[in-house]
Amino acid sequence: MNARSSSWLQILFIVLYIILPCIHCAMHNSPGETQPPRVEIKINSNTNITCRMNLMKFGNKVNSSSLYFVEEDTGKRVPETDIEIINETTITYMLRNATEQDRNYVCKSDGMGIGVTHVSVGTAPLDVTDFKCRGYDYTYMMCNFTIPHNVILTKYSLNYTAQSANYMYTCPLEIQERQAICNLTLDQNKYRTTHEFFNFTLRGENGVGTNVQSFWINNYESVIPPRPEYTFEDITCHSAVIKWHNNKYSYYKAKGLQYDIRLRPKDSDIDWMSHSNYEIRQKQSEYKIILRDIPFAYVWYELSVRVRVKKSARFDDSYWSEPYIQQFRTAPCPPDAAPLTDSGSFYIVPTQTQVRLYWHQLPEYKMNGPNFTYVIEQVKIDGVEVSMEPLEMDLISAKFPWHRQHRYEFRIKSRNSEGDSPDSNIINIPVWSKHNASLTSPEWIKNVYDSTNRTYTLTWGAPKKLQGLVDYTVFWCQSKKATQDECKGTINFAHVSRNSTQFIVTPQKEDQSLNLAVSANYRDFNTGMHWMCAADRTADLGKMEPEVMSVSSRSITIQLRSDHICTSLLEGYNITYCRVHRQHNNAGEKAACADKPITRTILGTAKKFVIENLKPFSVYKIELLVFSKLKTGKMSDPLIVHTKEEAPSKPLQLRAHNVTSSSAVLTWLSPEHHNGILTKYRIEYNNENYIIDCKAEEVCTKKEMTFTLENLSSFTNYKVYIVAYTNAAPSEHSNDINVKTLVGIPSNPSHITESQNILQWSKPEVPSGRVEFYQVAIMVWYKNEIQRQYISNVANTTCKFNLPVCRDSDQRFTIQVRAVNVALRETEIDQYIFAAKNPMDSEDDLVHDNAYFNDNDDLKCEDSGMTEEKERMIRKYSDQEKYVLYKSVWEKAPVTNCSDSKMSRITMLALLVVVSSLGVIAAFYVAHNKYQKMVNITCALPPGLEAYPTKNDGTDFRRNKDFFNTESRHLLSSISNDFSNMCQNGDHVNVDEGGIDGLTTGSLDKSSGYIGSNNSTQYYDVDAVRVAGRDSDIVDPVSTVDDAYMVMERLKPTDCNLTSSNSTLDKMLLQTESNSGYVQSNLLTLNGKPNPALPPSFIPTENGYIKQVSTLNSLPTDHGANAQVIPSQNGYVKLHDICNLSTPKFAMTAADVATPQMSVMHTVPTTTMCNIPVNSTGYVAPHLLQKNLIQPPATNGYTTPEALGKTMGLNHLSQAMIGGGGNDGGGRLANMIPPISGYVTRDELRTAFSQQSQFN
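Counting in my numbering, the sequence shown runs from 607 upward without gaps.
Because the hints were derived from the structure by calculation, they are not lab data. Keep in mind that a hint or two might mislead.
[Claimed, not checked] Dumping the calculated DSS-like pairs for lysine-lysine here, alpha-carbon to alpha-carbon at most 25 Å:
{"no.": "1", "residue 1": "Lys854", "residue 2": "Lys872"}
{"no.": "2", "residue 1": "Lys1237", "residue 2": "Lys1115"}
{"no.": "3", "residue 1": "Lys859", "residue 2": "Lys917"}
{"no.": "4", "residue 1": "Lys1369", "residue 2": "Lys1493"}
{"no.": "5", "residue 1": "Lys714", "residue 2": "Lys663"}
{"no.": "6", "residue 1": "Lys1301", "residue 2": "Lys1250"}
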């Protein structure tokens, strides 16, 4: 055994040594136990529970005979017959035919618990009866079921298969109370939207059994679509179009959708009404529903729409989507109907001069639009239409003038902003006579009110004339202002048989007064309405509503209208009024009186009554009743009236407290009588005021007001008073008080000046006190530190000082002045300032007391006006127990600096650095520009010079690339000086005779293009074209040319064989004005006559130049040859185009030559050089060189020196001479030909052609 094993055994021994005594101790202390601790059995099954006691716990004084079992929930002991004693420590409880239960059985001994066993008696898992699954818009599926009741704990698991039974998935269950829920989601790849069927297997297990169930779910039929969140596309009077989108519309095609559409008027008690007249339209994801036959126009509706799959369970509402509810209003349209009328719905007023028409008002939902009203469309008198406006008109009646000798016809329509109703109703009023009225009118009309059932019974007597009587019409409406012929609200009517003279109105609301009338309907006419009080002295008096004529702050005027009361019955009025609390201003009869009600009796003849001595801005309840000799009418509905506001009483007991240097706390009592709503307080103080807005602040509701008046000037007397305001007027102002603010901190002195050591300043603009004295601080600084300082107390605003001698430039002197107010600590101290301390005594103040520095009296600023008394008082103010000093901010005087004539070393060093930097920058700039110019210089050769002669060693004369990168980067644009001979009237000119120097040396401007083959990238850079030997004569740069041309330079007049100085053409050409090389039009005439020197082939142009004709013939030459003038690129003839033409001997006079138009001399380039035709632009085309000068160019477009040499007259030279094999000529030529290697200089080219000329 190794050491590790030995260690483990030791640890195990220690643990057992510790635990075993504890276990023994626990067993010794436990009273016992029951077995098993938990039992789960089926109903009607048996089980045993054993209880074993620990005798040692009981001291061996008891045994198992003392044991028994108790049901814990009921406290009952189990029957003794079911208990069997096993031994002295153990008993067994035998539970037989157990019923369903879930309880604890407790084993006890003389009340002490021994152990507990939990018993659950139930069943195996029962079948689930409500398993269902719902998909939600093909996004996820949720399955749920109710767990059957079972006292035995049952575990459920749910699995399912989708398309294939070979793949089974698990759906975790979430238990919420007795509901088990399973979610299948797309993100977990558990919900397959494309699978129509899901097979779910539910397995339930508990301690007594297992139950497995299978459920098939149709995914397509169990999906709940999303709620249709529609919008309104179109709304008409009786239809509406709604639409919404469903992006998953394709999923619902297989089964289709069913819709549930419901309507109900907004804010009504009507339940939802199913709407079935609709049409469905679908276009891909867009759904539309057209609702038709919506009942009413211009009515607010609530529309509820929900949807489900068609083949879902019809009686299961859980398949419906959530309803989407919106409000909408149908569009207005003209009214559908006219108001209802009856043949007798008119009333002739007692004066018999007016008639009132009545009609039944349409309900609001039939008005169909805004601005609804009724109109009398047509009035006919005796069959003739007339124009007649109503005297009065409301929503249920209209009053017109009337005369009894005429027959009237009134046509009534409904109208709104959209138009009139299509139909109308007619009221006919026959010719009326007193005799007929007394015979045909109902008699003794009266009304009986039964308060027990709140019904009105109308009775009348039959008319005297019954012949032709058809029936009666009874009218009723709510009474208005106790009149018999005016209604509040619509009027109703019903027909009563001719054999009946009684009508009972259905029960009304409590204390709702009705007006009733009856009319007799005859075959040919109608008697009109007869209201209930006509000649009936025993009839009950109705209610009369009081009307308000005017209201002031202390009175109300009531109008009494008895026009429609039976005056024979009316004796007078009783008006009762009282003041009510404002919170009951709309409570009507429920409003309780705040004061004792007052009743006033008024005679029936009175037309108005004024209620006086009222309180302003108060609410009064007014009630009115009428009375006769026999009866008293009903009390009117309470009329609530508000008296107007007036000015409040003045604020009281204004006082000031806690006065400081800048504020004072004001207190006052609000007005005793507000007489309205307090809108503001205005606080007046010394021509200033402050407004307390009671609407913005709630302080005005308090009885005792407090306000802190701030931003006051220190040490100032203020007269203060307050005015209160209502909406009506301001009050008288309150009592006046005088407030004097305390001493405060003064503002700093200003305008400090110093002249000849005299310091002066101005007093503080805001003294905030008496300004007992000033303090002047003189400080001596060295760099940024104070070396010396002295503070002087000065009584006036001037003092004299002396500054010490400056030591060096780092020394300076500063002077500061501040004002000081002195306050007595006992009476004048501002506690707020004192609590915050003087701000200038802060730690940031650089000025110290004089005690901080010693022996600085020489810095003192002397006040010449300082008296001994004043000086004594200033010393007295230093007593901090009696006085407090309020010091202003230091005001600084201009700083005195000690100057130094020598410039400091730092300044010199800074200047040196700046100058050096500028020099370096300038040098770098110049070098950079030079470098840029050198870098941009490139060179190229004309075409045809790519092949070169070879040396004796087989190499050619071309230099390597490095040579040209360092030395010869410049391109020579002109090769005219390098020719060994030139053409002078067809003869060769030797170089030694000036042929080379006589040539014009030219150059091309940078913008004129490049020389070489089409692939050349070497550009030339020459600034101007100059005449050789005459630097001042400059010709125009040659224009840009096409590729593969060689530049030929313009010639001086002496270069082109202008043999005679008296040659007219020569002189003309030499005197050409233009720099462009064109022949001017002034050459066309001499002394006003055609110029005979010009050939006829030259004609003038509009721009003043001579244009070359396409058929231009050659000019005559001395040799008689015809030389062709090559056209220029722009169609004009340049001077050099005719330079080398052999000119005839034109005769010109000196006067002709001296013509003013030819005062400027120009060079005349030739058209041939060495018998080579030159282009109009000064170039030689390669094909011309091939004919006359050189051999055909190589394939790369260039001409070799060998070819050039042969054409130039070197054909008689042997190849040995060119290659270096000759005696002298060949060696000399080989040595003299420049080493051309792609680039050539002027000197090299000149040397080569000079050698060639000598061999010729």
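(message) Taking the earlier hints as the rules, which of them does this structure contradict?
(response) 1
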